[in-house]
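Chemist: These are the residues of each chain, in order.
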Amino acid sequence: METGLDKHAQLHTEGRLRRSVPLRVQRRRLFYILVSPWVFGFLAFVLGPMVYSGYISFTRWNLLNPPQFIGLGNYSQMMQDPLFWQSLKVTTIYAVVSVPLTSAFALFLAILLNQRVRGVSIFRTIFYLPSVVSGVAVSMVFLWVFNPQFGIINSMLHDFGIKGPGWVESPHWALPTIIIMSLWGVGSPMLIFLAGLQGIPPDLMEAASLDGAGVWRKFVSVTIPLLTPTILFNVILSIINQFQVFTQAYVMTQGGPLDSTLFLVYYIFENAFQYLNMGYGAALAWVLFFIVFILTVIVFATSGKWVFYQGGD
Amino acid sequence: MTMSFKRALSFTGISIVMAGSLTAMTVPYVAAAAPVTLTISTWDSGAGLKPYQEAIKEFEKLHPGIKVNLQSIQSQYYLPKVLTEMANGSAPDLMLVGDSNVSEFVNSGLLQNLSPLFAHHTDGLNSKYFYPSVLKMGNINGHQYFVPKDWSDEAVLYNKTMFQKAHVPYPKAGWTLNQFVKDAAALTIAKSGHVQQYGAELPGTWLRAGLEYWVSAYGGNILDKGGHSVSGALNSAKTEKAIESFIDVYRSHPNLSPSPQAMNSTFQNLDLFLTKRIAMTMTGPWNVNEYKQAGIKFGVAPMPIGPVGKPMTQMFWAGFAVYKNSSHVQQADELLAFFASQKWAKIDWQWAMPALKGPGVRLMEKNNPMIKEFFNAASVANPITPLGTLNWGKDVQPVLQNMIESGVENPKANVKSLIASAVSQIDTNLKQDDPQK
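Sequence lines, in order, name chains B and L. Quick note: the first sequence uses this note's numbering, first residue 1, plus one each step. Quick note: the second sequence uses this note's numbering, first residue 1001, plus one each step.
Please keep in mind that the hints were generated in silico from the structure rather than gathered at the bench. Given the structure is predicted, the values throughout are model-derived calculations rather than measurements. Treat each hint with caution, since some may be false.
[Unchecked claim] Derived DMTMM-like pairs: lysine to aspartate or glutamate, alpha-carbon spacing no greater than 20 Å straight-line:
#1 L:1431 to B:81
#2 L:1191 to B:159
#3 L:1061 to L:1123
#4 B:218 to B:203
Based on the provided sequences and hints, a complete structural model is requested.
Modeler: Here it is in C-alpha cells:
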C-alpha cells in the first residue's frame, strides 16, 4: 500500500529528474545562444570576407564591372612588379629591425619598472600612456619632432653645430625614422613582460643569490629562461603587428620619398582603394597573410628548442 | 554529423534569423506620402559644407516634398566609397566628381546623360547661362554628364610685406618664369642651412599646379592625343626642357622652396602662406578669403610666362552628376537644376568661382577684387591633362611624381634618363590597362 510519504518521495525524485535533464539541455542551449553572435560575426565579417577575397584575388575587378576571372594573373603580375618587391623589401627590413628592437626595449623598460622604488606605479602609467594614444596623433606629432627645418631634434643638433638629417624627407632616413618611432608604442609588450617578470618565483632568485650568482648571472640564467614563454608570445604578436605597419606611411610619408617607406599594407591600400585594383590588392593581401603565417609557424616550430615552461618536462 | 554540431548549426541559424528580424524591426516604416529623400555626396568638410547647407535649406523651401541628405566623405576615401556604392546600387542620387576622376565615373556607365535635359531646358537647365569652357569640361564624348559646381584657375599669391622688406618689386602681368625664380631667390632667407623664409612654394608633386603648367609654358605635352601613350610627348624636346627647368629650380636653389618630399610629409597639412613662411605660392583662389581674414597683406599676380611667350593658367574643376539608377531621378534632376541656377551662384560665390555668368560673378568681383585676376586668366586656361587618359591617377601620375622626386633628390641624376625611364614605365602601365587590349 502506497503511503503519502512514498508518494511525496516519488514526486520529489521525478521532479529532480525532470529538472536535471532539461537543465543540461538548457545550459547547452544557453551556450549556443551566447556563442552564436560571435559565430555569426566570425562567419559574416571574418571568414566570409576572407573566402571572398581569396576568390577576387584570381580576378580583375574595379568594383563597377563584375569580377573577371584571370586565374593566377595577379600573382604572376606581382612577380614582375618592382613596387611589390620594393614594398616587400621595405616591410621585411622594418620587421627584421623593429621586432628585436622593440622587444628588447620593452623588456628593458619592464625590468626598470619591476624595481621596488617609490612611485613605481606612476612610472608604469607614464610609460604605458603612449600606447593608448591614437597612431594618427602620434604620427602627426613625430612629423613635427622630425621636421628637418623646424623640428626639435634638428634644432637641438643645430645648437651643437651638427647638421641633422632629413628624417622623413630623405629616402635614406625615412625608414630608420619610422623604426625609431616604433619604440614609442612598446607599452603593451612592456606590460606583458612586466607580468612575466612578476610571475618569476622569488625563491629561485634567492636560491641563485645564495649560490653566489650576481645580477647579470641571475638575469641570464634565471630571468630569461623563465621569461621565454612571454618572449615567444610577444615576438609572435610583434611579427604580426610589424608586418602590418600602415598608419605611419599613410600619415607621414605616403610611401615616399622614392618608395622608401612603401610598406606592403600601404601598397595594398593604394592598389585596392586608390587605383581600384581590387583583385591585385586582394592577391597582395593573401601573400602578406602567407608570409606572416609561415613566420609564425617557424617561430612556433622552433620554440620547443628555446622556450622553457616552468613545471614542464 | 554529431548531434552537438547539428545543434550548433541550428542555433547559429536561429541567431542569424534573430539578427535579421531585429534589423528589420529597426528599419523605419516609410509612408507612401512621406517626402522623397535625396542624398548628395561631396568631399568638402567643415566650413566647406556651409554653402551646401544653405543651398539645401533654400531648395527644400522651394520643394516641400523633397528632403536632402548631405553626405560628406573624406576626400581620400571619396572615389572608392562612391564607386562601391554605385556598384551595389546604393549610390548618392547626386554626386560631386573632381576633374581627375571623370573617366572612372563616366566609364562606370552609371551616370545619367544630361544632354537631353539641356536640350529641352528641363527644370530650367540651359547651357547659355554657363561659361562655355567650364561647361565643356563636363562633356565627355559628346554627352554632358556633369553640371559644373564651380571652377578655379591658378595664379601667384604674393606676400606684399615680404616683397617690401626684400625691396623686390611686386610681380606684374607679363612677368616670366625666369623672373619668378629670380624674385623667389631674392626673397629666400636662410642662415647656416636653416631656412627662415622660403622665397616660393613650388607645387612639387602636385602635378596640375606645377609640372603640367611648366610643360604647357614650354609648349610641350605629357600625353599623346589619344591618351594611350606618353612616348613622343613626354620625351619630346620641349617637354624635356620644361621638366629639366622645373627640376633645376630645386637643384640650383635648394632653399628657395620646400622640397617635394617636404610638401608630401612634414609640411603636408600646413599652409605655409598663412603661417607667413613663404613669400609666393602658385595656387587657386580657395584660400583667398582666409588669408584676408588673417590680416595678411597680399596680392595676386598672373602665372609667369614661359618660353611659349603667351599667358596661360591651369584649370581646376568639379561637377555634379546624377546616379542613373537612383530611385528618384526626377527629383535628383530638380536638385541638379538648382545647382545650375543663379540661386546657387549667389550662395557659392564666397567659396569658389561660379560656373554661371551673371550676379554670382558680379557679387564675387565686387566683394573680392583679388579674384578678378583669376577671372581674367580663365580665357587662357590649359586643357586638363588627366581628362586625356582613362588611367591618369593609376598609370601616369605616380610615375611622374616619382620622376620629380628622383630628380630633386639626386642632383647628379640625368633628367633625360629619368624621363626615358618614366616614358617606358607609363607606356607599359597604359598598355596593360588599355580596355581595347
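Chemist: Confirm or reject each hint.
Modeler: Status of each hint after checking the structure:
1. L:1431 to B:81: holds (15 Å)
2. L:1191 to B:159: holds (13 Å)
3. L:1061 to L:1123: holds (16 Å)
4. B:218 to B:203: holds (12 Å)
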